[in-house]
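J.: One letter stands for each residue in the lines below.
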Amino acid sequence: MFKKILIANRGEIAVRVIRACHEMGIEAVAVYSEVDRASLHVRKADEAYPIGAAAASESYLNIPKIIDVAERSGAQAIHPGYGFLSENAKFARACAEAGVKFIGPTASAMDAMGSKTRARQAMERAGVPFVPGTSRGLESYEQAEQVAARIGYPVMLKAAAGGGGKGMRLVHHPQDLRSSLEGARSEAERSFGDSEVYIEKAIINPRHIEMQVLADERGHTVYLGERECSIQRRHQKVVEEAPSPIVDADMRRRMGEVAVRVAQAAGYTNAGTVEFLVDQEKNFYFLEMNTRLQVEHPVTELITGLDLVHLQIRIAAGEPLPFTQDEVNIRGHAIECRIYAEDPDNNYFPSPGKITLLLAPSGPGIRRDSGMYEGWMVPMDYDPLLAKLIGYGTDREQAISRLTRALNEYFVGGIKTNISLFRRILRDPDFRAGNLHTGFLDQMLKRKEAIPAEPGVDANAPEIAAIAAGMFTVLGAAAATAGERTSPDSGGEAAAGSKSNWKAAAHREAIR
Amino acid sequence: MTYDVAIDGKQYRLELNRVEGLWRCRLDGREIEVDAVLARPNVLSLRLGNKAYEVKCERVAQDLHLWVGSARFAAEVRDPRSLRGRSRALDDQGPKKLTAPMPGRVVRILAHQGVQVEAGAGVLVVEAMKMQNEIKSPKQGTIQKILVAEGAAVNAGDVLAIVE
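Chains A and B are the protein sequences, given in the same order. Position 17 of the first sequence, counting from 1, maps to 813 under the working numbering, and the rest follow consecutively. Position 88 of the second sequence, counting from 1, maps to 873 under the working numbering, and the rest follow consecutively.
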């Protein structure tokens, strides 16, 4: 087993991996950029090395600097976390050349997944289902007509060079196909200078369901059940759960076996995730493979009782998988909320700044993977993910009620967070019924007028706030005049607030 | 002690007096029995009669908010005897400061010194976490001064511009 591991990441995932290292008796080496000196992962690590400026290209994405720290610290392996260099084949190669084990798949497995056409050919040979359609451009209207008739309406026309919805047409009826094809072609020509258009079966209100796989370096590959990740915003997952409300044991086995075939076709090792689109008849289609540990891995850990980071490290150290597929059992239900530093009242714009007050939930069925602490300044330079709050219960209903309770306990002061959004999602009737699809969140947010009032708000709350406002003032002042500072921080905070009419604060500042 | 308290814009007159180790509270003349403990800075445990509440206090730059459970209220506390309190109540007229709502970088100045702006018009763009946020004018008027340059790093609460 390794004695020392470098974590080439920051934030909650770096803390998560450091914890796993310590649980396994391994020393953890952190790297940090100029704005992350005070970050939690630096506090938790055994060694910490500065690697440059805030810009990720100067620090967390800088391969030579990270390899250099691995060599200087004597780390035998590097865990890349997610994001940054985690799916970078060049980095995996640089690690191999430096004689440091990359905790993840090989560079060649990453390359195989990165190239869409090669991956697709290998997958088709392995019998992996794709969304039906043509993978190449349509040559004529007649060809479009034939393919559409074969795969069935509705169909989607897509620009081969496309992106951002340009050159896309949804066609419900055969009589609309000709005009839609012409429209898509001319839009593709105008937008991308390339009129090539292909055709696919349109998946209406799809679900995004993914399968966790784990492969050791001795040829064993297992699947650990699915995660439902249909609650998304700007193509970013917001809530994930396991198991999916619509996947039964048979469907899980079929999806899992496909996922294992995908991994094996690529010669995949370590932890990975195979993503599927699922239509309303529960047909599933391969989307892509993520060659890293996922943000939402805790929900799988809670329902399988396994520690994926421990297993990643053991696999990288050459150990065989310590269990077989038959020994993987799913028990209970887990739901994760991604707590972001963003402002729900300002179109979910990022909200960095100083955390002035942090009250964190705990108690039965609650797991919290966090990278923040009270007094920390959330830097503006990175992804705004602060923490993940995960609720676990015997069934979905209990997981929801525990998570709701914990969200009510969670308070992050000084910056804006999306905590209130999760309360709304969790009490949405469609969410409660498990009626999910990738457009769910956008539709829910559009129904602004129909927001059900947040329950449990006392009708007297404004009066209570008025009394509390006075109480904070007198109690704050009383503590100061008695020469007691309520905490080492309170002086600084009072100074920050003293520009207001907060008289007690001004008074306290004056006597300091 | 007497305070004028505004909660989401609604005015209350609050009297708080310490009598034999307890707080005697009058809210708009109504007597309310209050037991309060400052559990930690910015966290107050309140008992009104036997009903228990946890109230959190959040201050960012010049804004004060109180949270009763998960309900958030903008709060202002003013000592009616204080001259400062009175003078501030009048300053809605005069020049207005535009402050940075968050730390970030000024990426663009949309309205330069001397330019006429409408209320709600964008004056500067501040970028944080790869997203751009337009800082809008709080009133109709003229840009009296832009205090930052394009590319400058700013902290929450920094004054960026003044509109008169």
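Derived by calculation from the structure, the hints in this document are not laboratory data. Think of the CB as a built atom: it goes at the ideal place given N, C-alpha and C, for glycine as much as any other residue. Among the clues, some could well be false.
[Unchecked claim] Listed next, the stretches of chain A that the computed footprint assigns to chain B, with coverage defined by at least 3 CB atoms under 8 Å from CB atoms of chain B:
#1 870-882
#2 970-976
#3 1112-1123
[Stated by the list, open to error] Each pair of labels, with its calculated beta carbon distance range:
#4 A:Gly1235 with B:Asn940: 35 to 43 Å
#5 B:Leu895 with A:Leu966: 52 to 60 Å
#6 A:Arg1127 with B:Leu895: 55 to 63 Å
#7 A:Ala1255 with B:Arg803: 38 to 46 Å
#8 B:His897 with A:Lys1244: 46 to 54 Å
J.: Check whether three or more residues of the stretch 1112-1123 of chain A sit with their beta carbon closer than 8 Å to a beta carbon of chain B.
T.: violated (count 0)
J.: Range hint 38 to 46 Å: satisfied by the CB atoms of Ala1255 (chain A) and Arg803 (chain B)?
T.: Between Ala1255 (chain A) and Arg803 (chain B), where Cβ atoms are some 29 Å apart, the hint is violated.
J.: Evaluate the given range 35 to 43 Å for the C-beta pair formed by Gly1235 (chain A) and Asn940 (chain B).
T.: With a Cβ separation near 38 Å, Gly1235 (chain A) and Asn940 (chain B) satisfy 35 to 43 Å, so the hint holds.
J.: Please verify the coverage claim for the stretch 870-882 of chain A: does it have three or more residues whose C-beta sits within 8 Å of some C-beta in chain B?
T.: Result for this restraint: violated, n = 0.
J.: Okay, His897 (chain B) versus Lys1244 (chain A) on CB: inside 46 to 54 Å?
T.: The hinted range 46 to 54 Å is violated for His897 (chain B) and Lys1244 (chain A), with Cβ atoms some 35 Å apart.
J.: For Arg1127 (chain A) and Leu895 (chain B), compare the CB-CB distance with the range 55 to 63 Å and indicate the outcome.
T.: Holds, since Arg1127 (chain A) and Leu895 (chain B) (Cβ atoms, about 56 Å apart) stay within the stated range.
J.: Are there three or more residues in the stretch 970-976 of chain A whose C-beta lies within less than 8 Å of some C-beta in chain B?
T.: Check failed, 0 qualifying residues.
J.: Quick one: are Leu895 (chain B) and Leu966 (chain A) within 52 to 60 Å, going by C-beta?
T.: At 38 Å between Cβs, range violated.
Checked against the numbered hints given earlier, the structure breaks hints 1, 2, 3, 5, 7 and 8 and satisfies all the rest.
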